[in-house]
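Q: Here is how the chains run, residue by residue.
2 protein chains.
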Amino acid sequence: MLEYTHVDGLSAEDVARQRAIYEPLTASVRALIDATIRTEADADAVAAAKAEIDAATARLQSRQVDGPFGIRFSADGKQMPWGNPVIGIRNPVAPPLVIHRRDDGAYVSEFDLGAAYEGPPGHVHGGIAALVLDHLLGEAASNLDTPRLTGTITMRYLRRTPLGRLQAEARIVRTEGVKAFAEGFLADAEGVTVEAHGVFIQPRWAREPQ
Amino acid sequence: MLEYTHVDGLSAEDVARQRAIYEPLTASVRALIDATIRTEADADAVAAAKAEIDAATARLQSRQVDGPFGIRFSADGKQMPWGNPVIGIRNPVAPPLVIHRRDDGAYVSEFDLGAAYEGPPGHVHGGIAALVLDHLLGEAASNLDTPRLTGTITMRYLRRTPLGRLQAEARIVRTEGVKAFAEGFLADAEGVTVEAHGVFIQPRWAREPQ
Numbered sequence: 010m011l012e013y014t015h016v017d018g019l020s021a022e023d024v025a026r027q028r029a030i031y032e033p034l035t036a037s038v039r040a041l042i043d044a045t046i047r048t049e050a051d052a053d054a055v056a057a058a059k060a061e062i063d064a065a066t067a068r069l070q071s072r073q074v075d076g077p078f079g080i081r082f083s084a085d086g087k088q089m090p091w092g093n094p095v096i097g098i099r100n101p102v103a104p105p106l107v108i109h110r111r112d113d114g115a116y117v118s119e120f121d122l123g124a125a126y127e128g129p130p131g132h133v134h135g136g137i138a139a140l141v142l143d144h145l146l147g148e149a150a151s152n153l154d155t156p157r158l159t160g161t162i163t164m165r166y167l168r169r170t171p172l173g174r175l176q177a178e179a180r181i182v183r184t185e186g187v188k189a190f191a192e193g194f195l196a197d198a199e200g201v202t203v204e205a206h207g208v209f210i211q212p213r214w215a216r217e218p219q
Numbered sequence: 010m011l012e013y014t015h016v017d018g019l020s021a022e023d024v025a026r027q028r029a030i031y032e033p034l035t036a037s038v039r040a041l042i043d044a045t046i047r048t049e050a051d052a053d054a055v056a057a058a059k060a061e062i063d064a065a066t067a068r069l070q071s072r073q074v075d076g077p078f079g080i081r082f083s084a085d086g087k088q089m090p091w092g093n094p095v096i097g098i099r100n101p102v103a104p105p106l107v108i109h110r111r112d113d114g115a116y117v118s119e120f121d122l123g124a125a126y127e128g129p130p131g132h133v134h135g136g137i138a139a140l141v142l143d144h145l146l147g148e149a150a151s152n153l154d155t156p157r158l159t160g161t162i163t164m165r166y167l168r169r170t171p172l173g174r175l176q177a178e179a180r181i182v183r184t185e186g187v188k189a190f191a192e193g194f195l196a197d198a199e200g201v202t203v204e205a206h207g208v209f210i211q212p213r214w215a216r217e218p219q
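Those protein sequences? They're chains A and B, same order as listed. Counting from 10, one number per residue, gives the positions in the first sequence under the working numbering. Counting from 10, one number per residue, gives the positions in the second sequence under the working numbering.
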């Protein structure tokens, strides 16, 4: 199932150059998404904006990969999950989260969620909380040598999560053969709003040959 | 917490007019998101596209609501969750799902997920499956008289979900006071890929005054 995995083997310079080209584009599309949801512009202004957007899309489509982005690797073996809907620096759907590994082994991120992620008025959609936590727990449960995919995950909603500045945290609790048990939470300035725990499993294709 | 809820009281004609203005705009932004992820255009083409996008954003921002979209209501009391990240016809992040209630009471949807929702190469991000299922189970567990928000939800991943045409289904299993128990699944043409079950709770603000 690696048909979409491009092993690009880009040098560090190439990675930096591509990032400099595509990251500002993605940031502009994120701003456009927010404006698209919130605009009250009239039909003429919207038609003019739509024409500009369609022109931009045609320019970008003039040269593009077949199929989705996949996961690419630089020459030094670093993953480039740039199309990912949580952390992808080339995916406008992603907030994107920047995830750090703390010295105590926890994976942590601080990020902002705006209008594009709204469920109950003024609050984060419960499924967006699940998207973020699934990703963060999965990252805590995995490493480059041992990728692990979600087996089961449970989200517990303590209260609604307001839109705005949030933080999330996840850690591995224990491992057991091909399984890793992870837990984490989403929080606002007042404390935890959603808790998660899950079992993450090393996929067959990523296990040592027996 | 209704500070962002606009009770617009739009007539059916106004709703249709707004839909005709904003739905094609949103569809264009969805195509742009896909192109942004997949493009291999060079720096000059990307800069030209970015300038067009920024111009479109400025046009749309010239008149916009403060804060997120909220949930608006038409004059006949119909909800307009147009900013929702799963079903919102004005939210480019949403695929969007169109959900139907079947005669047997199940809530069902068929939809396509493309590059913007990719986790493992060629496959749906596990958190996107969770986003879709959280929404669909919540919709099955709720109705206009009795909104219910997710209390806990568990996702069980049977196998990876390929990008492309998918279907999802959810139903209420039983209710117990302010709680409703719901279950559902996500499936491709070969069968179920992710199962979900959850408890959905009527929020305090939506309960009958005692």
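Certain hints may be false.
Copies of the same chain look alike in the list, so a pair counts if it works inside one copy or between any two.
[As the list claims (entries may be wrong)] Dumping the calculated SDA-like pairs for lysine to any residue here, alpha-carbon to alpha-carbon at most 20 Å:
{"#": "1", "residue 1": "Lys188", "residue 2": "Ala215"}
{"#": "2", "residue 1": "Lys87", "residue 2": "Leu167"}
{"#": "3", "residue 1": "Lys188", "residue 2": "Gln27"}
{"#": "4", "residue 1": "Lys188", "residue 2": "Thr163"}
{"#": "5", "residue 1": "Lys87", "residue 2": "Asp113"}
{"#": "6", "residue 1": "Lys188", "residue 2": "Leu167"}
{"#": "7", "residue 1": "Lys188", "residue 2": "Gln176"}
{"#": "8", "residue 1": "Lys188", "residue 2": "Thr161"}
{"#": "9", "residue 1": "Lys188", "residue 2": "Arg168"}
{"#": "10", "residue 1": "Lys87", "residue 2": "Gly173"}
{"#": "11", "residue 1": "Lys87", "residue 2": "Phe194"}
Since the hints were derived computationally from the structure, they do not count as laboratory data.
Q: At most 20 Å between alpha carbons: which applies to Lys87 and Gly173, within, between, both or neither?
A: neither (31 Å within a copy, 28 Å between copies)
Q: Taking 20 Å as the upper bound on the Cα-Cα distance, should Lys87 and Leu167 be classified as within, between, both, or neither?
A: The answer is neither: 37 Å in one copy and 29 Å across copies each exceed 20 Å.
Q: Could you place Lys188 and Ala215 in one of the four classes (within, between, both, neither) given a Cα distance threshold of 20 Å?
A: Within one copy only: 13 Å inside, 41 Å across.
Q: How do Lys188 and Leu167 come out at 20 Å by Cα distance, when the copy is not named: within, between, both, or neither?
A: Intra 27 Å, inter 15 Å, cutoff 20 Å: inter-copy only.
Q: When no copy is specified for Lys188 and Thr163, does a C-alpha distance of 20 Å or less occur within a copy, between copies, both, or neither?
A: Both ways: Lys188 and Thr163 sit 16 Å apart in one copy and 17 Å across, limit 20 Å.
Q: Regarding Lys188 and Gln27, is the shortest C-alpha distance of 20 Å or less found within a copy, between copies, in both, or in neither?
A: neither (36 Å within a copy, 50 Å between copies)
Q: First find the shortest C-alpha distance between Lys188 and Gln176 inside one copy, then the shortest across copies, and answer within, between, both or neither for a cut-off of 20 Å.
A: neither (26 Å within a copy, 29 Å between copies)
Q: With 20 Å as the alpha-carbon cut-off, assign the pair Lys188 and Arg168 to within, between, both or neither.
A: between (30 Å within a copy, 15 Å between copies)
Q: Regarding Lys188 and Thr161, is the shortest C-alpha distance of 20 Å or less found within a copy, between copies, in both, or in neither?
A: within (11 Å within a copy, 23 Å between copies)
Q: When no copy is named, should Lys87 and Phe194 be tagged within, between, both, or neither for a Cα gap of at most 20 Å?
A: neither (27 Å within a copy, 34 Å between copies)
Q: Under a CA distance limit of 20 Å, which applies to Lys87 and Asp113: within one copy, between copies, both, or neither?
A: Classified as neither: same-chain Cα gap 23 Å, cross-chain 50 Å, threshold 20 Å.
When each numbered hint is compared with the structure, violations occur for hints 2, 3, 5, 7, 10 and 11.
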